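Colleague: Counting along the sequence shown from 1, when you hit position 47 you're at 47 in my numbering, and nothing is skipped either side.
No lab work stands behind these hints, which were simulated from the structure alone.
These numbers come from a predicted model, not from an experiment.
Just to be clear, a hint being listed does not mean it is correct.
[What the hints assert, rightly or not] Here are the simulated BS3-like cross-link-like pairs (lysine-lysine), alpha carbons at most 27 Å apart as the crow flies:
{"#": "1", "residue 1": "101", "residue 2": "72"}
{"#": "2", "residue 1": "84", "residue 2": "2"}
{"#": "3", "residue 1": "2", "residue 2": "72"}
[Stated by the list, open to error] DEER-style ranges, computed between Cβ atoms:
{"#": "4", "residue 1": "92", "residue 2": "149", "range": "36 to 44 Å"}
{"#": "5", "residue 1": "32", "residue 2": "88", "range": "21 to 29 Å"}
{"#": "6", "residue 1": "83", "residue 2": "129", "range": "16 to 24 Å"}
{"#": "7", "residue 1": "102", "residue 2": "133", "range": "21 to 29 Å"}
{"#": "8", "residue 1": "55", "residue 2": "146", "range": "16 to 24 Å"}
{"#": "9", "residue 1": "146", "residue 2": "91", "range": "31 to 39 Å"}
{"#": "10", "residue 1": "31", "residue 2": "128", "range": "23 to 31 Å"}
{"#": "11", "residue 1": "2", "residue 2": "146", "range": "18 to 26 Å"}
{"#": "12", "residue 1": "99", "residue 2": "35", "range": "32 to 40 Å"}
{"#": "13", "residue 1": "10", "residue 2": "144", "range": "40 to 48 Å"}
{"#": "14", "residue 1": "102", "residue 2": "146", "range": "38 to 46 Å"}
{"#": "15", "residue 1": "64", "residue 2": "42", "range": "29 to 37 Å"}
{"#": "16", "residue 1": "110", "residue 2": "31", "range": "21 to 29 Å"}
{"#": "17", "residue 1": "133", "residue 2": "85", "range": "22 to 30 Å"}
Think of the CB as a built atom: it goes at the ideal place given N, C-alpha and C, for glycine as much as any other residue.
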Amino acid sequence: MKILVLEDDLLFNETLEDFLEEEGFEVLTTLDPYSALDMAYEEKFDCYLFDVNLPYENGFDLLHKLRDSGDKTPTIFLTSREDKSSLLEGFDAGADDYMRKPIDLDELLVRIRALLRRELKHHKVHLGDYTVDGRAKQVYYQEEVLQITTKAVDLL
1 MKILVLEDDL LFNETLEDFL EEEGFEVLTT LDPYSALDMA YEEKFDCYLF DVNLPYENGF
61 DLLHKLRDSG DKTPTIFLTS REDKSSLLEG FDAGADDYMR KPIDLDELLV RIRALLRREL
121 KHHKVHLGDY TVDGRAKQVY YQEEVLQITT KAVDLL
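Sequences are here, hints too, so could you generate the full structure?
Modeller: This is the structure in structure tokens:
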């Protein structure tokens, strides 16, 4: 599973990258929204983790652009903003979740897994030579269907 992290605080950016990689995710990081937009257009991600307060453009505007282009990648905002209007703005921008800093990494992990689990039920997810089709409840290896129970697919 591939995650794009957009966080302009270098130390927190590296902390997120290290933690998520230890949990088995492929992680690409960037410090600015323009690079994040380019990366999102060039590669397929399973989840976005976006800061809100960024140089040049805020995370809300970035997500609006992605949603307007048809990108439905699950997104969690990680922000120091504590006001209710920012929370509402984040969800109005298309966020699936919103966490206020300081972030508990274990809580972030369970939120990411919950988002990905919901996505898996409706989409195909590619993991190397394997494809999991949550809608059809099937797993493929190099385009051949594997004999696996629907319960096992749900657990994936």
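Colleague: Please write out, lowest number first, the hints stated earlier that are contradicted by the structure.
Modeller: 2, 6, 7, 8, 12, 15 and 17
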